[in-house]
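Student: Chain by chain, the residues:
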Amino acid sequence: MGQQISRRLFLKGGLAAAAGVAASSIPGTEALARPDESKQLATLIDISKCTGCEACVDACSEVNSAKYPDPQKPFPKMYPNRVPVEDWSDKQDVNDRLTPYNWLYIQHAEVEINGEETELTIPRRCMHCANPPCVKLCPWGAAKQLENGISRIDSDLCLGGSKCKKVCPWDIPQRQTGTGLYLDLMPSMAGNGVMYKCDRCYEKVAEGELPACIEACPEDVQTIGPRDEIIKKAHALAKEINGYIYGENENGGTNTIYVSPVPFEELNKTIEKGKGKPHLEPVKDTMAQANNLAAAMIVAPIAGIAAAVGKYYKRTR
Amino acid sequence: MNHGQRNTRAISLPGRWFYLITIFFLTLSGFGQMPIFKRYYIADIPGLGWLAQFFVTHYIHYLGAILFLAFAAYMIIDYLVLKRKSRQMTATGYVRGALLVGILASGIFLVIRNLAGSNFSSSFIIFLDLSHLGLVMAFLFVSLYCLIFKKHWTTER
Ligand code: SF4
Ligand code: SF4
Ligand code: SF4
Chain A
3 MGQQISRRLF LKGGLAAAAG VAASSIPGTE ALARPDESKQ LATLIDISKC TGCEACVDAC
63 SEVNSAKYPD PQKPFPKMYP NRVPVEDWSD KQDVNDRLTP YNWLYIQHAE VEINGEETEL
123 TIPRRCMHCA NPPCVKLCPW GAAKQLENGI SRIDSDLCLG GSKCKKVCPW DIPQRQTGTG
183 LYLDLMPSMA GNGVMYKCDR CYEKVAEGEL PACIEACPED VQTIGPRDEI IKKAHALAKE
243 INGYIYGENE NGGTNTIYVS PVPFEELNKT IEKGKGKPHL EPVKDTMAQA NNLAAAMIVA
303 PIAGIAAAVG KYYKRTR
Chain B
51 MNHGQRNTRA ISLPGRWFYL ITIFFLTLSG FGQMPIFKRY YIADIPGLGW LAQFFVTHYI
111 HYLGAILFLA FAAYMIIDYL VLKRKSRQMT ATGYVRGALL VGILASGIFL VIRNLAGSNF
171 SSSFIIFLDL SHLGLVMAFL FVSLYCLIFK KHWTTER
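Heads up: the protein sequence lines correspond to chains A and B, in order.
Everything in the first sequence is counted per my numbering, starting at 3 for the first residue and increasing by one.
Everything in the second sequence is counted per my numbering, starting at 51 for the first residue and increasing by one.
Calculated from the structure, these hints are not laboratory results.
All values reported here derive from a predicted model rather than from experimental measurement.
It is possible that part of the hints are untrue.
[Unchecked claim] Per the computed footprint, the stretches of chain B lying under chain A, defined by three or more beta-carbons under 8 Å from a beta-carbon of chain A, are:
| no. | stretch |
| --- | --- |
| 1 | 100-109 |
| 2 | 137-144 |
| 3 | 187-194 |
[Said to hold, decoys possible] Cβ-to-Cβ under 7 Å is the rule here; a few derived chain B residues that face chain A:
| no. | residue |
| --- | --- |
| 4 | Q83 |
| 5 | M84 |
| 6 | P85 |
| 7 | G114 |
| 8 | I116 |
| 9 | L160 |
| 10 | N169 |
| 11 | F170 |
Glycine included, each C-beta is placed from N, C-alpha and C at the ideal position.
Chain A with its partners taken away, still in its complex shape (with noise of 0.2 Å):
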């Protein structure tokens, strides 16, 4: 109840009320660094039921195809040397990774279920954190964080300089050169093209509609709701399967809910990962380190004012 309040008071009351809440529950920044679960949707994946028919990724393709860069060739010359030049636009049908032309692909891992050796497939796509950095870090606000917990990369802003995949704990975000605002300024010296993740169908989410994988997916693997609501589904589900979560902590809490029947230690081993295939490993929050440090910016024009006084006294004694 207290949180809650606190959290409210921080966003609607703005600086002032958040100083108060915030100064007096140090150190608890965390109370206040919390996402609103019940605003953020998430999905629940259910490994166990996916079949690796690729009807999602089909999909994806399908309806975000529009959004899909169209880079202008020959790219304009980018120094120092060093710059990478990314291009997928010959390469858009490659499906068995994440690109600027595939969001969402589906990984193979082979484990053993009760002595057996068994298949799994799980879709990957960004897992849309409830404090994304990719989009806190963003140094031109091109990275968006929507109300509803969806986070997107808006392709006329970004300038494709890639820090969102840099602090993105599974390097989702994926580079096409050759396009975005950055041809408009300084193409030679600043930028390298936009940057382009899942962006969880954010316009069919606005209409009330199911994103395109979510929708065209035979065996219902994903479920969307709440992000409270899917936590309990997801620990209901792994108590009736007896099995294991992840997404839930992961870089602090994300909005995709992974449920697997066998522990996401042995599916990261066997799942191929590298380049465009993101990992299953445990993820520390990624801003808790700063963002703690947010409360001794408040103590410290006290300490400094302190300081001040203090040798006013003395000087008056």
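Fit chain B with the ligands to the known structure of chain A by using the hints.
Tutor: For chain B with the ligands alone, kept in the frame of chain A given last:
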């Protein structure tokens, strides 16, 4: 002799160094928020590799901000309570002060943006990013001018 020299500034020598070093690291880590140090080989210089590590520059920027906030609060109170009778702010002092207020204000909002659960509109975030950067550039130019032409924040009344 010595007396006159000391009086040209309201700030002690260690205080001045504290100010300069904090501003230096804030600027460096601040520019490090943009993906430029790797591209332009600056992060390849031994000892500067951290400039390309975004979580490190982010953390250092916050640490710098904490030190700077404490420093600024100290200087303001010190001026108001102790120094105002004998010294007054100069025009360039007011300009730099105003720019710093803008930088701090936009910075505070950016800190709030980074907390989970904050949900500023994207146009507001773009406004914050650009004004933070623009004000810093203005502040650096004004500071450079003041350094070259020996303009101080305050003068004797
Ligand atoms: S998974 Fe990566 S790209 Fe997706 S929201 Fe999290 S940080 Fe951003
Ligand atoms: S939510 Fe939409 S954009 Fe994201 S993977 Fe599914 S279909 Fe693709
Ligand atoms: S459509 Fe459903 S069953 Fe087929 S690969 Fe995608 S998630 Fe798995």
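Student: If a hint holds in the structure, say so; if it doesn't, say that too.
Tutor: Hints and how they fare:
For the stretch 100-109 of chain B, the assignment as covered by chain A holds, since 4 residues bring a beta-carbon within under 8 Å of that chain's beta-carbons and 3 suffice. Here's how the stretch 137-144 of chain B fares: 0 of its residues keep a CB closer than 8 Å to some CB of chain A, so the rule of at least three is not met and the hint is violated. Under the rule that three or more residues need a Cβ within less than 8 Å of chain A, the assignment of the stretch 187-194 of chain B is violated, with 0 such residues. Hint on Q83 of chain B holds. Least Cβ distance to chain A is approximately 5 Å, under the 7 Å limit.
The interface hint given for M84 of chain B holds, since its Cβ lies 5 Å from the closest Cβ of chain A, which is under the 7 Å cut-off. For the restraint placing P85 of chain B at the interface with chain A, the shortest Cβ-Cβ distance is roughly 4 Å, inside the 7 Å limit, so the hint holds. Annotation: interface hint on G114 of chain B violated; nearest CB of chain A at approximately 10 Å, more than 7 Å. Because the beta carbon of I116 of chain B sits about 5 Å from the nearest beta carbon in chain A, less than 7 Å, this interface hint is met.
A hinted interface residue such as L160 of chain B counts as satisfied when its beta carbon comes closer than 7 Å to some beta carbon of chain A; here the least separation is about 9 Å, so the hint is violated. For N169 of chain B, the interface hint holds, the least distance from its beta-carbon to any beta-carbon of chain A being 5 Å, beneath 7 Å. For the restraint placing F170 of chain B at the interface with chain A, the shortest Cβ-Cβ distance is roughly 9 Å, beyond the 7 Å limit, so the hint is violated.
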